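Novice: With chain L fixed as given, assemble chain B onto it according to the hints.
Residue numbers (my numbering), protein chains in the order written: chain L, 64 to 403; chain B, 162 to 639.
No lab work stands behind these hints: they were computed from the structure.
Careful, some of the hints might be misleading.
[What the hints assert, rightly or not] The calculated BS3-like cross-link candidates involving lysine-lysine, where the alpha carbons are at most 27 Å apart (straight line), are:
id: 1; chain 1: L; residue 1: K371; chain 2: L; residue 2: K381
id: 2; chain 1: L; residue 1: K381; chain 2: L; residue 2: K252
id: 3; chain 1: L; residue 1: K110; chain 2: B; residue 2: K428
id: 4; chain 1: B; residue 1: K444; chain 2: L; residue 2: K110
id: 5; chain 1: L; residue 1: K179; chain 2: L; residue 2: K373
id: 6; chain 1: B; residue 1: K550; chain 2: B; residue 2: K635
[As the list claims (entries may be wrong)] Restraint ranges, calculated between C-beta atoms of paired labels, are given here:
id: 7; chain 1: L; residue 1: E185; chain 2: B; residue 2: I423; range: 47 to 57 Å
id: 8; chain 1: B; residue 1: I423; chain 2: L; residue 2: P106; range: 23 to 33 Å
id: 9; chain 1: L; residue 1: S172; chain 2: B; residue 2: M501; range: 33 to 43 Å
id: 10; chain 1: B; residue 1: L625; chain 2: L; residue 2: I71; range: 15 to 25 Å
[As the list claims (entries may be wrong)] Calculated from the model, a selection of chain L residues having no Cβ within reach of chain B, i.e. all distances over 10 Å:
id: 11; residue: G297
id: 12; residue: T312
id: 13; residue: D336
id: 14; residue: Q346
id: 15; residue: L388
Please read these numbers as outputs of a predicted model, since none were measured by experiment.
For every residue, glycine included, the Cβ atom is placed at its ideal position computed from N, Cα and C.
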Amino acid sequence: MKFRSLLIVLLTAGVVWYSTRSSQNELNRLVVYCAHDATYAQPVLDKFTEQTGIAIDVRFDEESNKSLGLTNLLIAEKDEPRCDVFWNNQTLGTIRLQTQDVLQPYISSNSKRIPKTFRDPEGYWTGFAARLRVYIVNTDLIEPTESCVSNRLVETSLSKVAIAKPIFGTTLSHYSVLAAELGMDGLKKWHHDLHDRGIREVRGNSMSKDLVVSAVCDVGFTDTDDAFSAIDQGAPVAMVPIRTPSGATICMPNSVAIIRNCQHPKLAQQFVDFVLSAEVEIQLANSGAKQIPLGPVSEDNLPAEIFKLKQWANEGAKLQAASGLNEEVLNWLRAEMMGQ
Amino acid sequence: MNFLLVLCWSVVRAIIVCSFATPIFVSLRNRILQPHSTTTAARWLSAMAVAPLFMPDLLLGFTYRLASAGFDFSEVATELLYATILLAKAVAIQIVCHWLVPPSNVSSSAIHLWKMSAQTSVKSRLALIRMKLAGPNRSITIGWILGALWCFQEFETAALLQIEQYPIAWTVWLFDAKAANEPLVSCLQYALPAIMIQGLLIAACAIALRGGSSNSPQHGNTVLPSGKASFAIWQSLSVMTIAIGFLLTIFWPIALHSVAGINGLWKLGVTGTFRLGLEQIGKSGLVAILSAVASWKLSRWLFKTKSWRLGLMAIMPGLLSPLVLSLLLLGLFLTPVVRMVYDSWIPLIVAQTLWLLPRAFLLNVAVARTVCSEQTHAADLLKTSNDRKIQSNAHHLNWRLEQRPIWFAVTVLVVLAFWEVTISSILHPVSLQPMVCRLYREMHFGHTEVLAGLTALSVIFPLLALAIGAQIWKLVRQ
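Chain L with its partners taken away, still in its complex shape (with noise of 0.2 Å):
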């Protein structure tokens, strides 16, 4: 019995003691919070260790934690941050933490390839390698072209079209750009037309795109990187841009950040340089993601479908604007899912 004991709290204390060695008090290990999708952004990650050496310890944001997100969690770590770097796989969420006084300002001498409209002039946080909001259309039901489109989403019945929870990513931030652009009302009632209509809300854009795939539906609204995975495997579906009312397409990018008080800050401006490096966008582009350059790369590394998404880039609406409603629209969308 007290051999058993012994060896139960000897367990437990070693298991402590494991668990307690902290990245944080590591020099050359830097913490990364990552909400770009893992599958994509871990040869990025890995590619940085080759090249310099620092070892990487990530926490990627998870379809199962969308309740809480990397960016609440950010909040939350505020006082003693754990994380060094945060790499978004939007904006919103990061002008939201400049807000909270989450983050420190780094101007890195890569940021200057990246176009003004896609950075903090302060150098909070910077934009790189961007997605969009695009229709995925099944092209056995629909003709892929923005008029036939545009024709469906007026008919009476939306039934077999889908649309992910907004209260969630890159739904969320195109309701924001929305309201930015028809002021809440219009949104409201933008949302409640589609609603009444019957569009099937449905838990994420990867469900509305497998719907879309599945051919139960013939329209469905997501991004550039869940269309391409589609199209990767051989399912009957091309995609078509989403446009605002005033014809400006959601491009979305990426964006990086360095944490206020970080263990590691040196790291970390080492680790932004990088991922605001041309190697990387064209890195992100030629994944399966296909993710767009923002900034000047050589084409020839391109793959021929990011040409097309480039133009379509070009037409993006301003997104300062929308971040500024971010909030707004979310606590509108939980009165209404709560049924307040």
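Specialist: Relative to chain L, chain B alone:
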């Protein structure tokens, strides 16, 4: 949809599902569903009926996430599909309870006599309720209650199946409310009625469990449908339901993903990530084992103290949804006093331990009632024999009578902890990514092969490790 309506919906579904599961089980239990069934057909049916408990919810949800979307009335189809999956699990729970829970020592004549005494005081009425709960049908009562608890607490399958708000589940509603920035205090307030419902169910279960011992003679007889023909029809329907449940929860997911799973395992081997996968499973398994053992020991201690107030306080956090519990602990571990262990395994282990505690408590009660003190005492006496063969047999007997039920209970806790998603995804340190979170990610990207391969490994590897562990333990104890 407001929370009260969602909560009522979840309660009604749990009641309906378990009330369907009970007659299915009752019609088959005396002839077929026995732990040591004699005929091959009966053995197969028993295995088929219990098998749904071993299929991870994650894989079930992934398999059927689009299944109901194509129907015209997809809301009804989704609810029906979800209820059928829950029904398969509820029947399995009933059967396991029947096998594990010893018969009652409260006979139906005792209840009848109590009624005849016609006392009308509140105390006497409460005693009658207690007697009825612990009466001849207590294994059915316990099975019903545990099934209802399972249905009521279910989250993952509901979340993955959900299309246009259906199936309606309070756990998913709360998750979405938090995602939409609802303050934690408000989420806690919403969760309170759900905690009360679960508390009531657990209290009823504990009362029912107290009313028997493994020395009791036999299970009572439930009133079965009268008339041979109707009973035969009822039995056929029950066998059919079990077959459908098996097809839905075991056969189809395996058939759909087995090729992908083998390819996935092959890919993991070729790309050299097989070892990494095993390492990830190993670490997640270790966390699950530590949490399971901690909750088991803690519940055992609580059980021995016999203080119901302390017991209630200890099990309360585990009845919050995993989401609310994780967020509360996240806040706690960010306070300066315990901030130093924030980025370690400790918050995860603490949260899982608390979440497991009500389950461990019930398992403790069940094990205590299963272990027959006279038999174990006899086995202990045999250990003192000078004959080595008798000693060895005594150790083996002791293992079967006392140690094996404990291993079984702890294994159940380990499996529950290993597959719990919400706590793991919120409280894991940056240096440890739990396997279940990775599986979610692979599912999100539609990497079916890797998902199926890793799921197979995650099911086989921990069970294999626990089986080997049990054998080593057995040898050490001898």
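Novice: Next step is simple, just say for each hint if it's right about the structure.
Specialist: Hint-by-hint comparison with the structure:
1. A threshold of 27 Å between alpha carbons decides the hint, and for L:K371 with L:K381 the separation of about 20 Å falls inside it, so the pair holds.
2. This hinted pair checks out: L:K381 and L:K252 have alpha carbons roughly 22 Å apart, not beyond 27 Å.
3. With a C-alpha separation of about 22 Å, the suggested pairing of L:K110 with B:K428 holds against the 27 Å cut-off.
4. For the suggested pair B:K444 and L:K110, the alpha carbons sit about 26 Å apart, so the restraint of at most 27 Å is met.
5. Restraint check: the Cα-Cα separation between L:K179 and L:K373 comes to about 16 Å, which is no more than 27 Å; the hinted pair holds.
6. Using a Cα cut-off of 27 Å, the hinted pair B:K550 and B:K635 holds, with the two alpha carbons roughly 16 Å apart.
7. In this structure, L:E185 and B:I423 meet the distance hint of 47 to 57 Å, their C-beta atoms being roughly 54 Å apart.
8. Evaluation of the 23 to 33 Å hint for B:I423 and L:P106 yields a pass: the beta carbon distance comes to about 26 Å.
9. Distance hint check for L:S172 and B:M501: the Cβ-Cβ separation is about 37 Å, which falls inside the suggested range of 33 to 43 Å.
10. For the pair B:L625 and L:I71, the beta carbons lie near 23 Å from each other, so the given range of 15 to 25 Å is met.
11. Residue placement check: L:G297 keeps its beta carbon more than 10 Å from all beta carbons of chain B (closest about 13 Å).
12. Even its closest Cβ contact with chain B, about 25 Å, leaves L:T312 beyond 10 Å, as expected for a residue assigned away from the interface.
13. Residue-level check passed: L:D336 sits 22 Å from the nearest beta carbon of chain B, beyond 10 Å.
14. Distance check for L:Q346 against chain B: the nearest CB is about 18 Å away, which clears 10 Å, and the non-interface claim stands.
15. For L:L388, the shortest C-beta to C-beta distance to chain B comes to about 14 Å, beyond the 10 Å cut-off, and the non-interface label holds.
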